[in-house]
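**Q** Please construct the entire structure, taking both the sequences and the accompanying hints into account.
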Amino acid sequence: MFREHAASMQSRPSSEAEQLIVRLLKRTMPFQVISEGMLQSVAAVSRPFSYRAGEVIYRAGDKADDVYVVVSGAVDHLLSDTPTTVERNRVMHSGDVFGWAAVLGQDKRVRLATATCVETAEVIRINGAALIERLNDDPATAKVVMSRFATMITREFGAPAAAAQIVAPNRTVSDAPAAVPRPRGHATGLALTLYRISRWLRSPKPFLMLLGFALFLGFWYLSVQVWKLPRFREMPGLTTVFHEWFSKNPTYGLSFYTPEYYQDIWVSVRRVGIAFFLATALGVPLGLFLGWSRTFREYVFPVFEMLRPIPVLAWVPLAILMFSGSETPVIFLTFLASFFATALNTMLGVESIDESYTRAADCLGASKMQVFRHVIVPGAMPYIFTGLQISVGVAWFSLVAAEMVSGQFGLGYVINTSYTMVRYPTIGIGMITLGAVGYVTSALVRIVGDSMMQWRVRELALGGR
Amino acid sequence: MSTVVKAAGTPTSAKAQAGEIVVSSVGKSYGEGQFVKEVVKDCSFTIERGKLTVMIGPSGCGKSTLIRLLAGFEKPTSGSIKINGKPVTGPGKDRLVLFQESALFPWMTTYDNIMYGPRARGEDTKEARSLAEMLLDKVGLRAFRKKYPTQLSGGMQRRAELARAMINNPEVMILDEPFRGLDAMSKELMWEYYSRLYEESGRTNFFITTDIDEAIFLADRLLIMTNVPTQVRAVVEIDIPRPRDLVSLVDDDRANEVKMEALSLLHEEAMKSFAGGSKAAADFIEAYSKRLRTKKE
Numbered sequence: 001m002f003r004e005h006a007a008s009m010q011s012r013p014s015s016e017a018e019q020l021i022v023r024l025l026k027r028t029m030p031f032q033v034i035s036e037g038m039l040q041s042v043a044a045v046s047r048p049f050s051y052r053a054g055e056v057i058y059r060a061g062d063k064a065d066d067v068y069v070v071v072s073g074a075v076d077h078l079l080s081d082t083p084t085t086v087e088r089n090r091v092m093h094s095g096d097v098f099g100w101a102a103v104l105g106q107d108k109r110v111r112l113a114t115a116t117c118v119e120t121a122e123v124i125r126i127n128g129a130a131l132i133e134r135l136n137d138d139p140a141t142a143k144v145v146m147s148r149f150a151t152m153i154t155r156e157f158g159a160p161a162a163a164a165q166i167v168a169p170n171r172t173v174s175d176a177p178a179a180v181p182r183p184r185g186h187a188t189g190l191a192l193t194l195y196r197i198s199r200w201l202r203s204p205k206p207f208l209m210l211l212g213f214a215l216f217l218g219f220w221y222l223s224v225q226v227w228k229l230p231r232f233r234e235m236p237g238l239t240t241v242f243h244e245w246f247s248k249n250p251t252y253g254l255s256f257y258t259p260e261y262y263q264d265i266w267v268s269v270r271r272v273g274i275a276f277f278l279a280t281a282l283g284v285p286l287g288l289f290l291g292w293s294r295t296f297r298e299y300v301f302p303v304f305e306m307l308r309p310i311p312v313l314a315w316v317p318l319a320i321l322m323f324s325g326s327e328t329p330v331i332f333l334t335f336l337a338s339f340f341a342t343a344l345n346t347m348l349g350v351e352s353i354d355e356s357y358t359r360a361a362d363c364l365g366a367s368k369m370q371v372f373r374h375v376i377v378p379g380a381m382p383y384i385f386t387g388l389q390i391s392v393g394v395a396w397f398s399l400v401a402a403e404m405v406s407g408q409f410g411l412g413y414v415i416n417t418s419y420t421m422v423r424y425p426t427i428g429i430g431m432i433t434l435g436a437v438g439y440v441t442s443a444l445v446r447i448v449g450d451s452m453m454q455w456r457v458r459e460l461a462l463g464g465r
Numbered sequence: 001m002s003t004v005v006k007a008a009g010t011p012t013s014a015k016a017q018a019g020e021i022v023v024s025s026v027g028k029s030y031g032e033g034q035f036v037k038e039v040v041k042d043c044s045f046t047i048e049r050g051k052l053t054v055m056i057g058p059s060g061c062g063k064s065t066l067i068r069l070l071a072g073f074e075k076p077t078s079g080s081i082k083i084n085g086k087p088v089t090g091p092g093k094d095r096l097v098l099f100q101e102s103a104l105f106p107w108m109t110t111y112d113n114i115m116y117g118p119r120a121r122g123e124d125t126k127e128a129r130s131l132a133e134m135l136l137d138k139v140g141l142r143a144f145r146k147k148y149p150t151q152l153s154g155g156m157q158r159r160a161e162l163a164r165a166m167i168n169n170p171e172v173m174i175l176d177e178p179f180r181g182l183d184a185m186s187k188e189l190m191w192e193y194y195s196r197l198y199e200e201s202g203r204t205n206f207f208i209t210t211d212i213d214e215a216i217f218l219a220d221r222l223l224i225m226t227n228v229p230t231q232v233r234a235v236v237e238i239d240i241p242r243p244r245d246l247v248s249l250v251d252d253d254r255a256n257e258v259k260m261e262a263l264s265l266l267h268e269e270a271m272k273s274f275a276g277g278s279k280a281a282a283d284f285i286e287a288y289s290k291r292l293r294t295k296k297e
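Protein sequences, first through last, are from chains L and R.
With the working numbering, the residue at position 335 of the first sequence is 335, and numbering never jumps.
With the working numbering, the residue at position 17 of the second sequence is 17, and numbering never jumps.
The set of hints was computed from the structure by calculation and includes no laboratory data.
Some hints here could point you the wrong way.
[Claimed, not checked] Listed below are the simulated SDA-like cross-link pairs for lysine to any residue, each with C-alpha atoms no more than 20 Å apart in a straight line:
id, chain 1, residue 1, chain 2, residue 2
1, L, Lys368, R, Asp94
2, R, Lys93, L, Gln370
3, R, Lys259, R, Asp213
4, L, Lys368, R, Arg119
5, R, Lys146, L, Leu190
6, R, Lys93, L, Thr358
7, R, Lys93, L, Tyr221
8, R, Lys82, R, Gly27
9, L, Lys205, L, Leu222
10, R, Lys93, L, Ser367
11, L, Lys368, R, Gly90
12, R, Lys93, L, Val371
13, R, Lys146, L, Val457
14, L, Lys368, R, Ser59
15, L, Lys368, L, Leu460
16, R, Lys75, L, Asp450
17, R, Lys146, L, Ser451
18, L, Lys368, R, Lys272
19, R, Lys146, L, Pro378
20, L, Lys205, L, Tyr439
21, R, Lys146, L, Asp450
22, L, Lys368, R, Ala120
23, L, Lys368, R, Glu20
24, R, Lys146, L, Thr193
25, R, Lys146, L, Leu460
26, L, Lys368, R, Thr89
27, R, Lys272, R, Ile212
28, R, Lys86, R, Glu20
29, L, Lys368, L, Ser356
30, R, Lys259, R, Lys75
31, R, Lys75, L, Ser356
Computed from a predicted structure; not experimentally measured.
**A** Here is the structure:
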């Protein structure tokens with residue numbers, strides 16, 4: 001590893017240099033808390049080195065002998081790709097420690113990363129074997145140092161198992177972290193979700209999302225209030241809408257501070273909730289039977305296909321004739337489109353199930369009912385949840401249509417009456433609220449689906465999605 | 001006859017010894033009138049109890065149709081199939097079929113997949129669970145018991161499927177090209193794996209393949225099939241002692257003899273199916289074999 005042409009090496013650090021090293025080590029994560037005496041003994045097995053920019057300090061696969069502490073400059077640390085790697089690439093600065101492979105298991109001391117000098121760097125190299133030897137004299141300190149190394153490794157590999165292995169009494173792990181079991185398999189649903197969220201937060205995606213929103217709002221503001229584009233002139237402006245929305249005493253009577261606002265949200269959510277529940281409770285079983293029984297399908301499917309394309313608005317008169325009051329017709333109309341979407345997707349889900357699964361279940365002695373419960377239902381699950389996502393979307397869609405035509409309260413009603421009563425900013429409030437609430441319900445359906453289909457989540461995760 | 005060494009150690013071997021399938025003049029055709037396609041014609045053979053019978057034939061010769069008939073998913077147009085003297089009427093727990101494509105349920109973990117048979121029959125007992133543990137060890141998947149099938153490699157999936165079949169202790173196991181699509185290395189490992197499992201259980205096995213090396217490594221008896229409509233062209237008894245190993249089989253004279261014999265028969269059948277499609281192909285084969293003959297002289 002040591003490249004003679006570039007690295008200047010002092011064979012034995014002077015006592016002054018040793019003091020420098022001790023001071024520096026105190027600033028590093030693994031050695032922060034250990035005693036002066038121990039630090040001095042570690043300093044004795046350390047040697048200062050320097051590297052030129054662009055020089056490779058070590059490559060993945062090299063034999064690992066030393067642990068490195070950066071004194072000055074910058075070193076690029078690129079982990080070789082393993083399935084559990086969280087943070088592949090890091091730049092190390094003064095006080096950072098890398099090259100921990102040198103303190104791992106005796107026969108597995110191989111570099112898992114490639115370290116390249118970015119700008120002229122001074123480092124301290126501590127011989128791994130000697131370090132372990134020194135640490136063994138003081139098991140208590142060893143435990144602290146090793147567990148801190150473990151934390152470092154975990155941070156880079158995202159593998160809790162690696163940490164569990166390395167804290168073993170006064171030294172070393174039995175295996176290199178590359179061979180550590182992948183956390184995906186052991187993680188519970190919740191841990192997996194949290195892991196994905198934390199990964200999402202560290203990716204550029206949230207930033208891009210915010211940028212997208214900013215662009216959209218910016219366009220709204222500019223086109224309506226600054227440029228006053230021809231078709232936008234009559235629209236409520238961004239600042240007008242938000243001012244109204246956050247006002248304690250709103251001009252048109254609807255804002256965050258008025259109880260009516262929450263009542264309207266609640267009424268709409270309740271209607272969608274009931275309609276969606278009914279659509280699921282009736283649509284999923286219907287879809288399952290449509291897919292499962294050929295005879296049943298011959299009877300029902302043609303009628304189903306004829307009713308399905310009829311738009312919600314065309315049902316309005318019939319709904320008012322059929323149901324009394326203002327609430328039931330709205331729920332019925334909201335229910336209709338959801339029901340069709342759910343049933344159709346469930347049926348497609350059953351059809352998508354590979355024949356080999358039912359055949360296998362037959363062979364293993366499952367009864368017809370068991371095939372239905374153990375193969376048809378779980379096999380159709382991915383399609384069912386796709387259907388439910390669509391279903392929630394169309395439920396909101398038809399709810400607003402229904403509320404505009406008949407009904408009292410609710411976000412659709414607010415939007416419609418605000419138009420007729422010339423309360424334009426309230427239209428904006430209603431629309432944005434509708435979008436946000438719709439988004440939340442759709443996300444809830446997805447979360448429930450993911451937690452019910454761990455196998456599917458893993459399958460997709462393997463595909464890199 | 002073969003000189004098979006069978007371990008009598010497993011407690012289930014007595015029961016597993018049962019299971020003889022007699023196929024007598026079975027015919028199967030699809031379609032009607034002028035569109036009729038005859039896939040199996042007057043086909044007769046016996047799958048002897050306790051033996052590993054391997055069926056080999058050119059691809060597309062109707063082997064898979066025969067499997068579906070044996071499994072009971074379809075009924076023969078003519079002739080009969082009897083297991084232990086009783087006619088086959090539908091799928092049954094006495095015969096377990098492993099199909100070409102992996103059919104592990106993707107929504108169940110390895111362990112749940114293996115336990116599926118016992119649970120479906122309402123036998124989620126202590127014995128069944130300990131048998132599942134034993135099988136997990138035997139197929140080397142203990143560490144993967146909580147993984148879903150998509151998280152396993154192709155070879156692991158096949159092993160899990162073998163375990164899922166064996167836990168039901170069927171009298172006959174029927175395997176339709178189970179190792180197709182695996183890479184060469186996992187394939188050879190699977191052969192050794194599978195033949196060890198067979199030797200331990202001593203149960204009747206019927207194995208279908210298109211790979212001659214696989215056939216010779218595994219078989220007690222080799223059935224060589226004709227081109228479509230399929231019939232048994234020849235039966236070769238493979239009397240190479242067990243346990244066999246791949247390396248020594250390469251130098252084994254008897255193995256090579258059987259291989260040459262089987263290959264020449266297979267080649268003939270394959271050529272027929274190849275030529276069946278076109279006049280040009282038939283002419284080409286004619287010319288090719290003529291050239292071979294003159295070379296020999």
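**Q** Mind checking the alpha carbons of Lys259/R and Asp213/R for me, to see if they're no more than 20 Å apart?
**A** holds, 8 Å
**Q** Straight-line Cα separation of Lys146/R and Thr193/L no greater than 20 Å?
**A** holds, 18 Å
**Q** Check whether the Cα positions of Lys93/R and Ser367/L lie no farther apart than 20 Å.
**A** Roughly 12 Å separates the two Cα atoms, so the pair holds.
**Q** Are Lys368/L and Thr89/R close enough, with their CA atoms no more than 20 Å apart?
**A** holds, 17 Å
**Q** Within a Cα-Cα threshold of 20 Å, do Lys75/R and Asp450/L meet the stated pairing?
**A** Not OK: Lys75/R and Asp450/L at ~42 Å, beyond 20 Å, violated.
**Q** Does the structure keep Lys368/L and Ser356/L at a Cα separation of 20 Å or less?
**A** Judged against 20 Å, a Cα distance of about 15 Å means the pair holds.
**Q** Hint check: Lys146/R vs Val457/L, CA-CA at most 20 Å. Holds or violated?
**A** holds, 15 Å
**Q** For a C-alpha distance cap of 20 Å, please report whether Lys146/R and Pro378/L respect it.
**A** With Cα atoms ~18 Å apart, Lys146/R and Pro378/L stay inside 20 Å; holds.
**Q** Run the distance test for Lys368/L versus Ala120/R: straight-line Cα separation, threshold 20 Å.
**A** Roughly 11 Å separates the two Cα atoms, so the pair holds.
**Q** Is Lys93/R within 20 Å of Gln370/L, Cα to Cα?
**A** holds, 15 Å
**Q** Is the hinted pair Lys368/L and Arg119/R satisfied, with a Cα-Cα distance of at most 20 Å?
**A** holds, 14 Å
**Q** Compare the distance between the alpha carbons of Lys93/R and Tyr221/L with 20 Å, and conclude whether the hinted pair is satisfied.
**A** violated, 71 Å
When each numbered hint is compared with the structure, violations occur for hints 7, 9, 14, 15, 16, 18, 23, 30.
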